[in-house]
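From first to last, the protein sequence lines stand for chains A and B. Each residue of the first sequence is one higher than the one before, starting from 1 at the first, in the numbering used here. Each residue of the second sequence is one higher than the one before, starting from 1 at the first, in the numbering used here.
FYI, nobody ran anything at the bench for these hints, they're computed from the structure.
Under the rule of at most 25 Å between Cα atoms (straight-line distance), these lysine-lysine pairs were calculated in the PhoX-like manner:
1) Lys-184(A) with Lys-75(B)
2) Lys-374(A) with Lys-139(B)
3) Lys-27(B) with Lys-149(A)
4) Lys-35(A) with Lys-149(A)
5) Lys-191(A) with Lys-42(B)
6) Lys-370(A) with Lys-139(B)
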Amino acid sequence: MGRKLLIHNDNIPNIHTLEVYRAHGGYASVEKALKTMQPDQITDEVKKSGLRGRGGAGFPTGMKWSFLAKPEGVPRYLVCNADESEPGTFKDRYLMEKIPHALIEGMITSSYALGAKQSYIYIRGEYFYVARILETAIAEAYAAGWLGKNILGTDYSLDLSVQVGGGAYICGEETALLESLEGKRGNPRIKPPFPAVAGLWGCPTVVNNVETIAAVVPIVNMGGEEYAKIGIGKSTGTKLISASGHINKPGVYEIELGVPVEEFIYSEEYCGGIRNGKKLKAVVAGGSSVPILPTELILKTAKGEPRLMTYESLADGGFQTGTMLGSGGFIVMDEDTSIVKNLFTFSRFYHHESCGQCSPCREGTGWIEKILKKFLNGTANESDVDLLWDIQSKIEGKTICPLGEAAAWPVAAAIRHFKHEFIEIAQKKKFVDISHYNRLNQIIA
Amino acid sequence: MGSQVHGAQKFDNAKRAELVFSEQAMKTAQTIISRYPEGKQKSALLPILHLAQAEFGGWLSPETMDYVASILNIKPVEVFEVASFYTMYNLKPVGKCVLEVCQTSSCWLNGAEDIVKYIEKKLNIKVGETTKDGMFTLKVAECLGSCGTAPMLQCGASYHENLTYEKVDAILETYKNEGRLRSYTDLDYKNTL
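Turn these sequences into a full structure, and let the hints steer you where they fit.
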């Protein structure tokens with residue numbers, strides 16, 4: 001079993017309370033940071049650790065922190081992106097629900113490193129009950145002096161609160177998140193300027209994913225160099241993977257980056273293989289936005305090397321034969337799955353979630369959903385496959401924010417690797433969804 | 001987005017005059033507003049809209065939105081443009097219990113469509129409709145972050161996961177017996193089913 005740094009304590013009773021969390025080493029990183037380290041030293045440790053943004057983009061965190069502008073007299077903000085809405089992803093919810101203090105501790109240490117005196121956790125509105133859990137934990141932290149004025153008797157003061165959203169995937173995009181935090185529609189901003197220069201209320205801001213901030217705790221505790229010893233190449237440390245779909249053991253797994261994909265899918269330690277004795281057909285490895293891959297390409301690269309759970313290995317071959325680690329939303333599909341219908345659920349999702357600012361995305365996602373509906377009711381033509389390809393190519397790279405790409409890439413990947421399915425439906429003028437069973441195998445008439 | 005934009009509705013001044021937050025709700029609203037720097041109280045809009053929706057029957061009428069604008073000292077249109085953008089705000093009346101069944105990828109892979117069809121049959125309504133007794137509204141939702149425990153539905157603050165037909169029966173029964181408005185801000189969020 002690999003090392004765990006984030007959710008190793010998830011099974012301890014009452015680990016969501018401050019008392020139990022502290023008894024198991026919690027808040028040690030705050031003591032170490034505030035009493036023995038300068039803010040810049042913490043940023044150095046994060047740089048040395050090789051930590052990359054765990055929300056999906058994988059941008060080096062230390063580098064993002066170092067971009068933060070520090071003009072005199074202007075407040076700086078740290079905002080935690082808890083908007084988790086990428087289909088297939090549920091690891092942030094797990095962490096916040098089970099061990100809320102892990103996020104709070106990370107927020108304190110990170111805010112100190114960045115010179116932020118007011119920080120926010122922006123959580124998706126649907127996670128309202130998780131927001132309550134966080135608020136209870138924050139109240140505990142205030143009462144015990146981990147938040148508020150002069151923490152641990154130092155000069156450093158911090159206020160932290162939870163902000164709920166209203167239901168919008170687009171608010172996971174950092175600038176749309178800031179718009180929402182300012183009380184507006186979640187329309188992404190044009191970058192530059194980046195949030196590090198002009199973010200929340202025009203002030204220098206860092207926006208980081210829940211897991212990224214939680215990872216700062218072990219990094220400060222063990223040191224960046226030690227953290228970087230885990231993993232392979234530029235994929236250092238551990239990652240929370242949300243495994244779902246047709247596997248025997250869906251759930252959140254913390255893995256050392258570098259575990260072979262085949263082991264992750266079939267080993268009893270992780271997903272436990274495909275249920276009902278079925279065969280694997282396809283995997284979406286990092287949330288709906290990343291290219292779907294068929295069995296032969298998810299288990300091995302095009303060169304024939306075993307595929308590993310790392311940023312580099314999953315991206316080997318570019319989009320021709322590879323995919324991305326992304327958010328780690330690992331969706332497994334068995335042999336009965338209709339790739340066309342799965343793509344339809346993704347496309348319906350992106351159309352619903354488009355903010356509407358950019359014409360290629362607003363209109364294009366709508367057309368893609370409409371054309372895929374034709375496949376589902378058996379009225380599509382073979383030329384519709386080319387039309388889908390054309391539309392997605394005209395969205396990609398032509399929008400203010402990456403939701404355009406996120407909507408386009410799944411279409412391209414499905415056609416690239418499973419074109420025969422589309423053609424067959426078009427030729428037969430018929431679509432039959434045979435995957436009519438739920439987890440408990442209740443066949444529906 | 002914005003599929004709930006309503007046509008021109010008559011603004012009811014009498015109704016508007018009646019709208020007042022309870023003492024508890026006003027206290028909560030003030031606490032929320034205090035989290036932001038001076039002059040940035042508009043940031044409280046999304047949380048306060050949830051509060052207002054829960055206080056005033058589970059939906060946001062034009063009068064309610066006008067009331068929220070007055071609390072935050074912003075223009076009514078600023079409230080409307082936000083309320084019409086985000087999925088969780090209801091701009092039309094809904095039943096006491098809004099059942100939102102997730103329909104994206106992993107939930108679909110695990111039988112979400114069948115759960116939807118089952119509820120449609122059981123309640124004799126279609127997606128988007130409300131039962132005649134005003135008890136239930138059925139909706140479909142996009143990924144709710146519960147993929148590992150699919151299929152699932154959300155009602156108010158509660159997540160109901162690993163759904164089977166039996167579980168759906170139990171949920172409907174319990175909610176019917178409770179007979180109350182279930183809102184996202186419910187503190188009683190523990191899912192006991």
